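Since each chain comes alone in its own frame, lean on the hints to assemble the complex.
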Amino acid sequence: MNPRRLLVVLILLIVTLLTPPPACPAASKAKAFPHPDHLVYPPLPFEVPRAGRWVLKNGAVLYHLEDRRLPLIEVQVLVRGGTQWDPPGKEGLAEILAGVMRSGGAAAMTGAEIDRALENTATILDSSAGEDNFVFSLSTLREHRERSFAILGAVLTQPRFEDERLRLFKDLKTEDLRRLRDDQQRLAFWEFHRLVYGSDPRGRRPSPASVKAVEREDLVAFHRRFFFPQNMMIAVAGDIGTEEAIKVFESLLAPGSQGIVVTSPPPPRPAEPALYFIVKESPQAVIIAAQHAPPRGDGASYPFELADHIIGSGGFRSRIFQEIRTNRGLAYSTGSYYRPRRDYGIFGVYAFTAADKAAETLGEILGILEKTRASSFRDEEIVWAKKALVNSFVFLFPSPSRIVNRQMALEFNGLERDFFHLYCRRIEALTKKDIAAATASVVNPRGMVVLVVGPERILPSLRNAFGEVRRLEMRDS
Amino acid sequence: MGGKKRRTITSFFPRWLWGLWLLFATFLLPFPCPGETAGGGITAEVRAFDLPNGLRVLMLERHTSPTVAFYIRHRVGAADEERGKTGTAHLLEHLLFKGTTSIGTRDYKREKRILKAIEASLEALDKERAKGGHADPKRIADYEGRLKRLEAAHRRLFVSNEIDRIYQENGAENLNATTGQDLTTYHVSLPKNRLELWARIESDRMYRPVFREFRQERDVVLEERRQRVDAKPEALLNEAFYRAAFTLHPYGRPVIGLAEDIASLSIRDVRDFFLRTHTPANTVIAVVGSFDPEALKKTVTAYFGSLPHRPPPTASALREPPQTVERRVTIPIDSEPYLLVGFHKPNVPHADDYVFDVIEALLSQGRTSRFFRDLVERSGLARTVEAVNGLPGSRYPNLFVCGAQPRHPHGVEEVERALYEVLDRLKTEPVGEEELKKVKTNIRADLIRRQTSNEGLASLLSYYEALIGDYRYLDAYEGKIEEVTPEDIMRVARTYLTAANRTVAVGIKKREKR
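Chain order of the listed sequences is A and B. In terms of the working numbering, the first sequence opens at residue 1 and continues consecutively. In terms of the working numbering, the second sequence opens at residue 1 and continues consecutively.
The shape of chain B in the complex, shown without the other chains (with noise of 0.2 Å):
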């Protein structure tokens, strides 16, 4: 129950590891093509086309439902955001469902001017508020009063969230976006005669949004920040464990960012961001579906065909320095211990993160999973426990992490000692034909499965072709997992899962009336 929740952050656990790792399945689980197709794969009857603008396009027809899943993704994410001006990403996503110059507007003329001093109003409140103790009550008094009335006057002026109207009007489903460290999306499916009005509306918010009710929305992801991190004891051991891990990289801020900076964030910055990133050469689309190729290379080329050729944004340079000692941090939380252990790795397309995947699936997949068999169910010592490669993002090198609940009466130092014997013996111990033979038998079924999905495949095309440039790594992948041998499996453990190289994270429950 709790709705349908729009604007999710992909990057950041919403419920805790287990509940995202549905989530990031899509993105870091094996996922390879079918055995059955050798040769070709699903990425064989992709279509591929660039516009002069730089824009990526992906195409793939199925004539399962007459429906067609658009993904949109931008080259940008938490990760490219500076220092104190955190959420910056997040914010955007939400701020580009306000409608656009020729969306959701009365007069856009008289709009303009408004939404200019309504901008410089909220600068100078914000800009006192930061002042704290020595702001001047009067004053703030006084800009709070002006921006109302610019507000009330505005509204007048405009109809408010028209693009979720008209979208819905038309029958759209799965109409959401997300931010991650990596990348941010927008995707929706729409019935498959209304291809144009998802080219209307997608072009016209990458090249003229206007970024409506700017201070009420700030509010409501401070009232996200809340309900997902603040008020979950799990996520805020989840912010102090990356904080924790990544010491310079900016891997290690939450992706919805944090309170302080959400609330003095501008219209400045997020227009600056949006110019800087939100740019056709960083973007790539994938449609998938029931469509005329033809006639959607068309409809495409006309109406994202005018967006302006910018340059790409300059990617971070900041390099997380190696780990040489274990780093601790342990907080009191309000409610059971949880348990995180995470190990600094490279990312994709390095070859020991294919390692990794098959690792993953040997350690928690199914109720044969080491995990589950040995602090599970054998010992009994866990409630859950998970294993996940490539968080929080696949950018940059990241971490493989282990997350656990440990059973009452058992404690979390238990629960440590016995997953790290869990790991040992992937460096002492070949792994044997049997389980490996499973692991791959499961990669393998896995894709076959998330073909039943426009919105699946849409989803990991966009990805791939976004995150490392080549969406045909998706039929590349699982000959690189076939490849894994037990030896490699355990020449990456001792190089990798090793106590320098780790960061743990214990949430240890408060002593106090809840």
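The following block holds chain A by itself, in its conformation from the complex (with noise of 0.2 Å):
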């Protein structure tokens, strides 16, 4: 704490301390105490941590960091592949694969017996699978982390993808997709995402029949395809020496089998423009909107962070939430997002708001897009954000797992080792000129696709303020 602060600290102490507290809000004076905006802070250095890195024998890399303080060591694993590279026909493949390597047997171990080892341990061993990877994390007991490690190892080489598991997965999958429509804000989203990537592979969305398509053999070229060392990142926090560590990782992923690394298909196009609907009766409608941004590490993805916190994404005072929510009432979750990925981004806004409203408040929120791109960003605002982002740095790096998990993934997103070191400078760097440039070139309200879910009865009034509107029919499931 500043010196001077304290004493004024200490002065109000004594004050308080010989004063009896008053017996009702009325008797008692108003202290002055500073306005916040007034207040003087300590400067904090921070250096941001870095995990120790190895490559190792079988051509895995292996991130590690070590810490004592609690008997616990967590694990993440990212492997290059995903959702992305599912076949056309079989969608849910790659998600099947990493849930049924989780659950359905490994090595010598039954699925069953795999649940039971982990669970009467209180070990987690959790898989999914994203657009350009599988994640696999491990957190152990430091005193059960023998039979934890070897299990991991066995899910990652051996899996055994036994029938009744694969079954289970594709079942409980099929529900899942059967209840979709109750969901309508989950809808809303999954429908999106098809529209905003059009025929690229990653706007496939898995259905029942794609779902039942997936076999046992799919599973097994799928896995050969993708899961062998140098393909795979390993991250170890914890309660585990370096040593150990690297041991543990070149015995449990055996060389032999080598693949082809996997290299992300070109980004994918922008999809055309247009205002779509879809029919879910409902006391609430929601709009989503989104269109094309700078990809990640790109020298535009800066100036559009910032442009997008003041846009709807920086709380309260963010300009979509400020107007839509503060100022006229119209929905309770409102703002925007900035996505950016290896070679590409997104940038999107939504609102959840009263079906009447609809017309009215996908206007408005096109109108502050349009403001935006228009006229550049107030001082104040860009002062405000760039201390937002600077300052609130420090809890990007909470705890040893979170950061060697941040520092694998740099280098599995092809960012430079730096990235984090120069990040605050390059945001303080930023001028007003940079930020209206990228906001300029990026946001564009007449070019975005548009998707809104609500009740029949609001399509007119969406058409009336908006021309044609292109009404989606949903598959029965």
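Treat the hints as calculated values from the structure; they're not laboratory data. Values in this document were obtained by computation on a predicted structure and should not be read as measured data. Misleading hints may appear alongside valid ones.
To give an idea of the interface, some chain A residues facing chain B are shown, with a C-beta separation under 8 Å as derived from the structure [unchecked claim]:
#1 Leu72
#2 Ala122
#3 Ser139
#4 Lys170
#5 Asp171
#6 Pro283
#7 Gly314
#8 Arg325
#9 Asn327
#10 Ala331
#11 Ala388
#12 Phe395
#13 Lys432
Quick reminder that beta carbons are idealized off the backbone N, C-alpha and C, glycines included.
Take a look at the structure:
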């Protein structure tokens, strides 16, 4: 604490202790504390913690950070591959692969034996498939680490894909898809995903038919294609030394199986702008609109990150939230998002509003974007956004496992190793001109794909306000 | 996706029972101290102090990262609302983000006069509107016009959303507030050099809040209700379920409030509720992270010490009468079927509550749990089945709830029957040693994992201190769980998990175009 502040605090303290607490609020005299904007803070020196990086003999890359405070070890394995490689007609394959690797037995153990071994020792092993990765994460108590590591290694390299567990996973996925229409918000984002990506492989989504088409041989082939050490990265944090971590993952992942390291398909082409409508009887309408934006690490991604903060992702004071929620009371959830990926990015806006206010709300949001594109941001908005991004930076590294996972993700996503070290300086160096230029080149409300999901009766009001509306018919599942 | 959603309500299911499970895990799930640090446990490191005005403060130093997590909990929630005024606690929570007499104002003296006029105009307008068919349209138009003019004049005198702007600018994370049946919570995390900012803002809004933009915020909450309840079939079922289970006690009402109640809440309602309940003696603060406890104590004393002492509010005297026959509600919903079954039971710290925590874990924690094995995996009757102990709150006797989603083509009846078979086995067959040990081991590991986050610890410490008056519950808890025997489980299952004591809510799919 700043010594001058401390002095003030001490003086106040004495006053407080000497004055008996008043009986009612009216009797209490307001004490003048400085306005929050006038508080002065001591500097906060912060060095981004660095994890060690090793290339193992089997070709896998390992990040490690030791932390002995808790008897806990956390591992994350990233594997190149994922849902965008799902073959047409077998959408869902990557997700089923990840799920059944975890549940369907491995090496000498059945799926049921693995479940028991993990849960009896309070070990957590999760798996998932993303657009361009598979993620396996393990959390184990130190005392159970040998068994837990052995299971993780077996699951990654020798999955059994038991028939019953495969059937169960497919059955549950099918039921999940049957229930998709029950949740208006989920339905909206699900269908919007298809619209934004158009015919690109990233836009494919599973259906009951495509899930049904996935067979055991597909899993075996898909597993062979992606799961070999040169295609994997591993982050280890917690109660384990470097030497042991290296030894464990060199022995678990045999270099035997070689494959071709996976590279991403070309970036998706922007979809044709249009306004789509899906009928869902509900008191509310869900509105989503999006367009392409700069990829991660691109020069324009920094000014645009700042612009997005001001437009709608920076909390209550951001333009969309302030206008749509606070000033007009039109929505509880509303704002914008910017998702930069490896070689493209998506910028989007959304609002959940009373069905009868859908046209008004969409019009207002597009108006805010139009205004933002045409005129530059105010100086105080830029100062506010820069401070928010720079001051919250320390929260990116709350624990050893988050530190290693982030550093591994940098390399996985092809970003420079110094990304975090340079980040704050890059944000601070941005000029008003940079931000305006990035915004003008990206934000284009007339070039957006828009989806409204709501009751049929609001369709005329949308047509009235926006002209052509393309109605999407839902297949019955 | 869907962006950052602020102002969530804890005791209210945002995404069906399962979504909430994680959220509730904080509160209701087994949460003990690690076996490794026997004797002291994490709470031995906590430093607690009280201010003369009754404010209670818990501090725990942890230097994992240069950040600090702050939790403020008031011992008040939706269960303290009067009939007809549901939603007051939650609307107040929203309004406490609207600034204070010194934050967000350009000229508070002038603001105060206009705010008074706005309050009177809105009351007159609401009163006229409440006449429904007999309301005078001309009057309504007049009042609306006057209100709009006043609001426009007011807008020039204040700066909107200043609390959020200041916090964001200073790098705040985890900034949010929640309202439940039992408690109202304000939390935020800051870089460690900004402790004073938190004390400045929070002490001010506990003492001199200004309820600006009331009418708009009431509309936001109505929209929130549409988003979380009216547009969600399972949430509508949920409301019907609690309404049936609690005939007298406020736990039968929704935290967010009924739409007709919310629409007629006044600034006066909210202010009265605030003055009665957000008092220092009714408040617990927990601070966890990297800080100097002596310096923090001084800052807290300086800023919060001048808040006047006020008597604590009286708790609800309503007691739910014992249930003697099964209650059953069936409602048509715009979705695939759902099933909810709840059993009345005592709340924490009653000894049987611990046994229910163990039962909950036996039934639905993980792939080897009984519900998953029997209903999802073996028979394929259900897509999900979960058990949650202690809903919708824990300050009063509550429910042990089981929820299920049948898997097509199986119906609710089949799932309900199978679910009772699993419950009945608890009454007749003692739980095996290995299974019981598994549950207890997982309970221990949970705590160690929770210790990796400042927010998790601050949330837990303040929760138990506010709810049962002792944060050390955290450490006593593991011992209580260890003591649970197979006989306890049989006795508790026989006592509470009976047909006469249960409420069943069934959501069946509406037959119409969607």
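Consistency of the hints with the structure:
1. Hint status for Leu72 of chain A: holds, given a least beta-carbon distance of 6 Å to chain B, under 8 Å.
2. For Ala122 of chain A, the interface hint holds, the least distance from its beta-carbon to any beta-carbon of chain B being 3 Å, beneath 8 Å.
3. Taken as an interface hint, Ser139 of chain A checks out: its beta carbon lies about 7 Å from the nearest beta carbon of chain B, inside 8 Å.
4. Below 8 Å, beta-carbon pairs count as interface contacts, and Lys170 of chain A has none with chain B, the closest being about 12 Å; its hint is therefore violated.
5. Interface restraint check: Asp171 of chain A against chain B, minimum CB-CB distance 7 Å, threshold 8 Å, status holds.
6. Given the 8 Å rule on beta carbons, the hint for Pro283 of chain A holds: about 5 Å separates it from the nearest Cβ of chain B.
7. Restraint check, Gly314 of chain A versus chain B: the minimum CB separation of about 6 Å is within 8 Å; hint holds.
8. A cut of 8 Å between beta carbons decides the hint on Arg325 of chain A: the least distance to chain B is about 6 Å, and the hint holds.
9. With a cut of 8 Å, the hint placing Asn327 of chain A at the interface with chain B holds, because the nearest CB-to-CB distance is about 7 Å.
10. The restraint placing Ala331 of chain A at the interface with chain B holds, with a minimum CB-CB distance near 6 Å, inside the 8 Å limit.
11. Taking 8 Å as the C-beta contact cut-off toward chain B, the hint placing Ala388 of chain A at the interface holds, the least distance being around 5 Å.
12. With 8 Å as the threshold, the beta carbon of Phe395 of chain A comes within range of chain B, its nearest partner Cβ sitting at about 4 Å, so the hint holds.
13. Taking 8 Å as the C-beta cut-off, the interface hint given for Lys432 of chain A is violated, the closest approach to chain B being about 18 Å.
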